[in-house]
Amino acid sequence: NADESWSDNDIPENLSVDSSWDDVYTGGSGPAPTGGDGDDSDFESRNSVSESLQQHLHWQLNLTPMSDRDRLIAMALIDAIDPNGQLTSSIDSIRSGSMQDMDFGEDEVLAVLHRIQQFDPVGVGYRDLKECLTIQLRQLDPKAPEVITASKIVDGFLPQLASHDYNHIMRKLRIREPELKAALDLILSLNPRPGSEITPSEASYVIPDVLVTKHNGRWKVELNPETAPRIRVNPEYAALATRGKDADNTFLRDSLQEARWFIKSLQSRNETLLKVATRIVEHQVEFLEHGDEAMKPLVLHDIAEAVSMHESTISRVTTQKYMHTPRGIFELKYFFSSHVETDSGGECSSTAIRAIIKKLVAAENPQKPLSDSKMAEVLADQGIRVARRTIAKYRESMSIAPSNERKQLL
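Following our numbering from start to finish, the sequence shown increments by one per residue and tops out at 424.
One should not assume that every hint holds.
To be verified - Think about it this way: if two alpha-carbon atoms lie no more than 30 Å apart in a straight line, the pair counts; the simulated DSBU-like pairs of lysine-lysine are:
1) LYS310 / LYS388
2) LYS228 / LYS289
3) LYS289 / LYS234
4) LYS234 / LYS278
5) LYS382 / LYS421
6) LYS310 / LYS373
7) LYS144 / LYS157
Said to hold, decoys possible - Computed spacing ranges between beta-carbons, pair by pair:
8) ASN181 / SER282: 30 to 38 Å
9) GLU145 / SER282: 24 to 32 Å
10) ARG420 / ASP106: 45 to 53 Å
11) ASN76 / VAL392: 19 to 27 Å
12) HIS72 / LYS144: 20 to 28 Å
These are computed hints drawn from the structure, not numbers from a lab. Heads up, the beta-carbon is just placed ideally off N, CA and C, and yes, glycines get one too.
Assemble the whole structure, with the sequences as input and the hints as a guide.
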């Protein structure tokens, strides 16, 4: 019976184990508060985290090259996505919605939807469970046997899966229990509500995952040992698991294999985080040296291409992961921003433009504050051409009042 024991495969005989159980995994895949007395325990130096799914998607949208027409469609689609990540409006209603009286074709809207479905969390914007799981499976190795089988089950056997009719699935797909188990384990690892991964939370204090310091004129990037714990397999349990192959050892052997895979996955995650953080630091050295005005444009695609990973992976790695630098603690997301071309043929980041606006306002005559148009002129004199409405958008994002409200009497 397919519902009975699944444990047909033995784990390798030669298990690689460590010599002690000194370090324990603390469950901290991201920042967590600690009770230490060092500098990292200073609450003033920590940042708080609270972001909705919509904000997370709009952040990725702003970093995604897209025509103005497609961007309008994308904004309407994101607005129609619920906290679980499901698209709650039909394609027709999106087309006929308040889209500035523009005529959008169904294929157009679907094409943009498919792009959003590649955002982090992968699968967001799904219309039904089948589509949600299929999108996530397409991110995996298409040649892997368990991926192939899982895709077939999701495509044609979800009702049988829900009713646990495993015999029917095995008979139709002509597979054995071990193959079915591998596919089911994979399906169970997927998230039927991907939006739930990004939920607004009460402000919580964090410690950095990455530490950036300067030594002898060179920047050094390393993981914070407080958030990247070292874990090991207890050799006594490993030895027990290798003795005999009777049914009593099955649970222990399976658990040991899961532990080894967990350690491998954790190591891979940490390596990815360090690789991405290093690329960010290499790109933003000028910011580290000179501050916000020197921030360079950077989008997800740039880092994804540099480390040979998918953009959604980069988004996931940089979400709620923090970097401690001599200039303060920043979420990795902070180092990404869109670009504006300069007259000299270069590029200026939106972060740098915000910093310039903030500096102009701080230095203005309070009796004659600078209007958005005037600030646009000042930027133009520096070779940075930005529309007045863009200046207004950046100013508002920093909670800076318009010039008429900033004006002070003698």
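Cross-check of the supplied hints:
1. LYS310 / LYS388: 24 Å, holds
2. LYS228 / LYS289: OK: LYS228 and LYS289 at ~18 Å, within 30 Å.
3. LYS289 / LYS234: 12 Å, holds
4. LYS234 / LYS278: 25 Å, holds
5. LYS382 / LYS421: 6 Å, holds
6. LYS310 / LYS373: OK: LYS310 and LYS373 at ~18 Å, within 30 Å.
7. LYS144 / LYS157: The given pair, whose Cα atoms are some 20 Å apart, holds under the 30 Å limit.
8. ASN181 / SER282: 30 to 38 Å: The hint (30 to 38 Å, Cβ to Cβ) holds, given that ASN181 and SER282 are roughly 36 Å apart.
9. GLU145 / SER282: 24 to 32 Å: Given range 24 to 32 Å: holds, Cβ gap about 28 Å.
10. ARG420 / ASP106: 45 to 53 Å: At 46 Å between Cβs, range holds.
11. ASN76 / VAL392: 19 to 27 Å: At 24 Å between Cβs, range holds.
12. HIS72 / LYS144: 20 to 28 Å: This hint holds: roughly 27 Å between Cβ atoms.
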